[in-house]
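Taken in order, these protein sequences are the chains called Z and W.
Everything in the first sequence is counted per numbering that gives the first Met the number 0, starting at 0 for the first residue and increasing by one.
Everything in the second sequence is counted per numbering that gives the first Met the number 0, starting at 0 for the first residue and increasing by one.
Derived from the structure by calculation, the hints contain no laboratory data.
Note that the structure is predicted; figures quoted are calculated from it, not measured.
It cannot be assumed that every hint is accurate.
Said to hold, decoys possible - Heads up, incomplete: computed chain Z residues facing chain W, CB under 7 Å, no partners named:
| hint | residue |
| --- | --- |
| 1 | Gln56 |
| 2 | Ala147 |
| 3 | Glu150 |
| 4 | Glu173 |
| 5 | Leu181 |
| 6 | His352 |
| 7 | Gln358 |
| 8 | Met360 |
| 9 | Glu362 |
| 10 | Arg542 |
| 11 | Ile545 |
| 12 | Leu549 |
Said to hold, decoys possible - EDC-like mimics (lysine to aspartate or glutamate), calculated; alpha carbons at most 20 Å apart, straight line:
| hint | chain 1 | residue 1 | chain 2 | residue 2 |
| --- | --- | --- | --- | --- |
| 13 | W | Lys76 | W | Glu39 |
| 14 | W | Lys76 | Z | Asp448 |
| 15 | W | Lys76 | Z | Glu173 |
| 16 | W | Lys29 | W | Glu138 |
| 17 | W | Lys29 | W | Glu39 |
| 18 | Z | Lys3 | Z | Glu173 |
| 19 | W | Lys29 | W | Glu127 |
| 20 | Z | Lys3 | Z | Asp448 |
| 21 | W | Lys76 | Z | Glu259 |
As the list claims (entries may be wrong) - If you want the ones that stay clear, here's a sample from chain W, every Cβ over 12 Å from chain Z, calculated:
| hint | residue |
| --- | --- |
| 22 | Gly35 |
| 23 | Arg100 |
| 24 | Ser218 |
Using N, Cα and C, we set each Cβ at its ideal position, and we do this for glycine too.
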Amino acid sequence: MSVKSVVAIDIGSTQTRALLFARVEGRFRFVAAARAPTRLRAPHLDVAWGGVQALEQLSAISGRSLLDPQGNLIEPEFSNGMGVDACLLTFSAAPPIRVALAGLAPEWSLASLQRAAASTYAQIVEILSAAPLNGHRQTEERWLEALAAAEPDVVAIAGGVDGGATRPVQALLETVALAARLRPEADRPLILFAGNAALREEAVALAGRELPLRVLENIRPQLGQERIGPVVEALDARYVERAMASLPGASWLQRWARGEILPTARALSHVARYLSLEAPDRGTLVVDVGGNHTVIAAAYGGMLAQMVRSGSGIGQGILSLYQRRGYERVARWLPREIRPEALEVFVWTKAMHPLSIPQTMEEMWIELAFAREALAEAWEQLHGLWPELGRSVPMFEPILITGGVFADHVRPGAFALVILDALQPIGLTTLLWDPVGFTPALGALAALDPSLAVEAMGGRPWIPLATVLAPALDGPVAPDELLFTVEVHHRGSDGSESVYEIEARGGRLEVVPIPGLGETELRRFRMRRPVDLGWGPRRSPRRIRIAGGLLGLIIDGRGRPLSLAESPEARREQIQRWLWDVGAVGGGL
Amino acid sequence: MEALRFYPEEVKFTALATIRRERRLPIPGKVLVRRGETVEAATLLATAEQPVGVVVVDIARPLRVPPERAAIYLQRKPGTLVRAQEVLARRRIWMGLRTLRVRSPVDGEVVAAGGGKVLIRAGARLIELRAGFPGVVVEVIPDFGAVVETTGALIQAFWASGADFSGMLRVVTGGAEPLRARAIDPVAQGTIVVGGAWIEPSALEQAERLQVKGIIAGSMEASLLPRLRELSFPVVLTEGFGHLPMHPGIFRILSLYQGREAFVLHPPSGPDGRPGHPEILIPVPTENPPPPEPSGEVFLQPGVRVRLIREPDRGRVGTVRRISPYPWTLESGLRTWCAEIQLDGEERSVWVPVYNVEILRS
Chain Z
0 MSVKSVVAID
10 IGSTQTRALL
20 FARVEGRFRF
30 VAAARAPTRL
40 RAPHLDVAWG
50 GVQALEQLSA
60 ISGRSLLDPQ
70 GNLIEPEFSN
80 GMGVDACLLT
90 FSAAPPIRVA
100 LAGLAPEWSL
110 ASLQRAAAST
120 YAQIVEILSA
130 APLNGHRQTE
140 ERWLEALAAA
150 EPDVVAIAGG
160 VDGGATRPVQ
170 ALLETVALAA
180 RLRPEADRPL
190 ILFAGNAALR
200 EEAVALAGRE
210 LPLRVLENIR
220 PQLGQERIGP
230 VVEALDARYV
240 ERAMASLPGA
250 SWLQRWARGE
260 ILPTARALSH
270 VARYLSLEAP
280 DRGTLVVDVG
290 GNHTVIAAAY
300 GGMLAQMVRS
310 GSGIGQGILS
320 LYQRRGYERV
330 ARWLPREIRP
340 EALEVFVWTK
350 AMHPLSIPQT
360 MEEMWIELAF
370 AREALAEAWE
380 QLHGLWPELG
390 RSVPMFEPIL
400 ITGGVFADHV
410 RPGAFALVIL
420 DALQPIGLTT
430 LLWDPVGFTP
440 ALGALAALDP
450 SLAVEAMGGR
460 PWIPLATVLA
470 PALDGPVAPD
480 ELLFTVEVHH
490 RGSDGSESVY
500 EIEARGGRLE
510 VVPIPGLGET
520 ELRRFRMRRP
530 VDLGWGPRRS
540 PRRIRIAGGL
550 LGLIIDGRGR
560 PLSLAESPEA
570 RREQIQRWLW
580 DVGAVGGGL
Chain W
0 MEALRFYPEE
10 VKFTALATIR
20 RERRLPIPGK
30 VLVRRGETVE
40 AATLLATAEQ
50 PVGVVVVDIA
60 RPLRVPPERA
70 AIYLQRKPGT
80 LVRAQEVLAR
90 RRIWMGLRTL
100 RVRSPVDGEV
110 VAAGGGKVLI
120 RAGARLIELR
130 AGFPGVVVEV
140 IPDFGAVVET
150 TGALIQAFWA
160 SGADFSGMLR
170 VVTGGAEPLR
180 ARAIDPVAQG
190 TIVVGGAWIE
200 PSALEQAERL
210 QVKGIIAGSM
220 EASLLPRLRE
230 LSFPVVLTEG
240 FGHLPMHPGI
250 FRILSLYQGR
260 EAFVLHPPSG
270 PDGRPGHPEI
280 LIPVPTENPP
290 PPEPSGEVFL
300 QPGVRVRLIR
310 EPDRGRVGTV
320 RRISPYPWTL
330 ESGLRTWCAE
340 IQLDGEERSV
350 WVPVYNVEIL
360 RS
């Protein structure tokens with residue numbers, strides 16, 4: 000049966016979203032979205048409640064009845080248009096799974112396992128290394144004690160290229176199997192074996208019937224080859240399994256779900272991969288700042304590097320984010336002075352009331368300052384785990400922005416600046432905005448029916464926010480120093496033509512409105528400094544076609560890495576000017 | 000289009016109700032009470048033993064055998080208990096003239112053997128579940144605990160430090176008055192001191208000197224949190240951090256029951272790790288059982304009492320006048336559904352986002 004309509008339910012730590020996709024005028028596309036609080040606090044501890052409320056709101060908004068009188072999803076779609084053909088579920092509300100990693104060497108198998116764990120909702124609770132770790136050799140007794148104390152949900156074991164060393168990995172396997180048997184039967188960790196293929200039978204024999212085991216493809220079959228995908232998938236599956244077991248009401252929603260139930264971050268990675276295949280010479284970024292998790296998915300040519308940072312966001316996660324980043328780092332992004340006590344009050348209020356939103360401009364600036372730090376932290380960690388990212392991917396285009404912190408804004412310049420400050424993209428990129436949070440649903444759709452997902456993503460359903468041109472500078476530049484000039488040629492849909500020259504200056508953000516209709520090109524770059532726009536120093540193409548967008552073209556002449564003034568007063572002036580430049584103050588859309 | 004319904008978080012305070020609370024162990028254990036039994040706050044409802052340590056004993060080397068052959072010499076199989084110095088494994092050598100023995104270094108349970116090693120689970124931590132407040136057991140939860148019922152006052156607070164505690168209430172300030180050192184006199188020793196607004200830093204020092212059982216106040220600067228860790232008593236905040244007065248209704252209940260014993264309980268965290276509202280229970284015996292505490296779903300609608308939780312009117316209380324039929328654009332640049340709130344004691348009303356309020360249930 001062909002699927003004509005789909006509802007996707009995304010259960011976040013703070014909000015549950017319901018999103019309707021349907022065939023409209025021959026094209027399968029996003030139709031409407033609604034949301035409700037995710038209830039994870041007694042006495043109303045029930046994630047199904049949020050799903051049902053969001054579906055009720057979606058019915059009201061879309062005019063399509065989705066629930067029957069008993070509160071069940073109407074599935075499949077009736078001929079009168081009631082109900083939907085399929086329901087998709089994505090989750091990020093459950094706490095991360097506790098993962099212990101066991102490997103042969105920190106720089107090889109353990110590094111690969113760490114990348115796999117970073118790609119999903121996992122908290123690394125212990126690392127066992129057969130080779131010395133930080134100069135210390137670990138004994139088997141130490142491994143056992145560590146595993147007994149860590150109480151992991153999953154132990155992932157890797158090590159040895161195929162046909163390589165077996166003995167040290169065997170010792171890890173034996174220890175992990177012994178430690179797993181220490182736990183009561185119902186609490187035994189899942190053992191993932193992704194090491195030397197020669198030890199697979201041994202792993203099965205050691206686990207016997209009492210220990211849950213999954214044997215996976217070797218995470219490093221050759222020294223120069225890494226395959227983290229199967230481990231990520233197994234960790235994702237465990238996360239979903241744990242979520243279903245630990246979130247009251249999840250099984251109620253599970254009855255409606257068709258296809259694989261995905262962690263939200265995995266769904267986002269599908270979208271990042273899809274977009275990266277559109278332009279294999281460039282990378283694609285999908286960034287999501289939610290209530291308790293921050294996700295950055297970087298894809299290039301279908302390959303993926305992903306960082307899922309739990310305990311980071313602008314809901315419940317704001318407290319631990321603040322504890323890690325501290326007052327100075329957050330306050331540096333604010334255009335006005337704030338006392339540490341006032342910032343702490345904000346943090347506690349937001350952590351205890353994660354559904355609440357800023358009413359005043361000051362509180363919005365604080366919230367977006369935290370969004371910058373959440374993204375910057377995840378970005379640093381992503382580069383730490385995938386150091387080749389900075390070398391092999393020259394630029395990311397597009398950067399897709401999703402997540403609760405970026406929803407419902409009428410001054411999108413405010414969060415476009417968050418992206419520029421936190422990720423500091425270089426060269427030419429476009430910012431796409433998902434204002435209602437339908438991106439995870441598109442990823443889940445891809446898992447159900449790739450052709451439907453391609454249809455829904457065709458023509459990029461996100462809102463084009465801006466085209467960004469951010470040169471890398473060869474050294475410090477004086478404020479307002481001329482970097483380059485460029486001509487913006489616009490041909491309107493009525494055939495009218497306009498040309499204007501833009502000056503890019505040091506330390507400044509230039510925002511050039513680009514009409515939505517017609518065609519726009521950048522031509523005649525004239526370099527005044529040896530800036531690199533992504534084509535090498537002083538080089539530029541003869542002409543580049545750019546898209547419009549809500550904000551138009553942003554030329555970011557502030558340099559990389561971004562340099563903030565030392566003195567607090569000068570820094571606040573700097574921030575105020577940048578906010579003003581991008582239209583983050585004053586009137587909105 | 001049907002009217003949308005919004006369900007903000009809610010907070011309860013009531014002067015008299017029948018209150019039931021489920022008390023559960025985190026892991027299965029043994030329940031020690033029966034249905035109908037009267038319990039005190041300190042009564043043990045259930046206990047459980049949580050294993051804490053593991054000892055690994057190498058038997059292959061002392062027995063002088065390869066690790067894979069060691070298991071056949073085991074004297075204590077997995078699942079059996081073993082005492083310290085008891086023989087774990089034994090092997091006769093020299094035609095039986097000499098015996099190699101490996102003894103257990105600890106009391107414990109043999110849980111696994113393999114690879115020439117034996118694992119002994121040694122020691123256990125006793126987890127005790129106490130009633131936390133006086134009442135009657137109305138339901139036993141097999142292996143986990145019980146539901147205890149009492150009658151009296153219930154106040155759900157914003158935040159509390161420390162563990163569950165109890166003490167006699169002593170109100171030392173007027174309503175909306177900050178708690179300063181001079182308000183806490185020696186009579187406060189051993190009581191729970193109640194202040195009508197925020198806690199001044201000097202009050203913490205004075206309370207420590209006088210050995211109070213705890214402090215209940217409206218609010219406190221978050222910068223004082225590190226100091227709380229050095230104090231011997233817990234602090235309960237009913238409103239939040241910063242400088243917020245206690246809700247008059249909550250202050251009234253605490254004043255009404257001055258001299259009675261109050262019990263502060265921390266409900267278990269949700270599956271996401273976020274803690275629930277700490278609760279203040281003040282048992283009050285009654286001849287006839289009062290109605291149960293407010294329960295069931297409440298959504299935002301005209302007439303509902305709310306507390307505002309975000310600036311610029313954080314901590315203010317009022318009544319919902321109406322819900323906007325369409326989203327509003329806020330000064331912050333966000334566009335969202337709003338409710339008009341008539342603030343208590345003022346002519347003016349304010350429009351606030353529907354999830355920037357807490358529903359007050361009393």
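Now the hints, each set against the structure:
no.: 1; hint: Gln56; in the structure: holds (6 Å)
no.: 2; hint: Ala147; in the structure: holds (4 Å)
no.: 3; hint: Glu150; in the structure: violated (11 Å)
no.: 4; hint: Glu173; in the structure: holds (5 Å)
no.: 5; hint: Leu181; in the structure: holds (5 Å)
no.: 6; hint: His352; in the structure: holds (5 Å)
no.: 7; hint: Gln358; in the structure: holds (5 Å)
no.: 8; hint: Met360; in the structure: holds (6 Å)
no.: 9; hint: Glu362; in the structure: holds (6 Å)
no.: 10; hint: Arg542; in the structure: violated (35 Å)
no.: 11; hint: Ile545; in the structure: violated (26 Å)
no.: 12; hint: Leu549; in the structure: violated (13 Å)
no.: 13; hint: W:Lys76 to W:Glu39; in the structure: violated (44 Å)
no.: 14; hint: W:Lys76 to Z:Asp448; in the structure: violated (53 Å)
no.: 15; hint: W:Lys76 to Z:Glu173; in the structure: holds (18 Å)
no.: 16; hint: W:Lys29 to W:Glu138; in the structure: holds (15 Å)
no.: 17; hint: W:Lys29 to W:Glu39; in the structure: holds (18 Å)
no.: 18; hint: Z:Lys3 to Z:Glu173; in the structure: violated (52 Å)
no.: 19; hint: W:Lys29 to W:Glu127; in the structure: holds (10 Å)
no.: 20; hint: Z:Lys3 to Z:Asp448; in the structure: holds (12 Å)
no.: 21; hint: W:Lys76 to Z:Glu259; in the structure: violated (43 Å)
no.: 22; hint: Gly35; in the structure: holds (24 Å)
no.: 23; hint: Arg100; in the structure: holds (21 Å)
no.: 24; hint: Ser218; in the structure: violated (9 Å)
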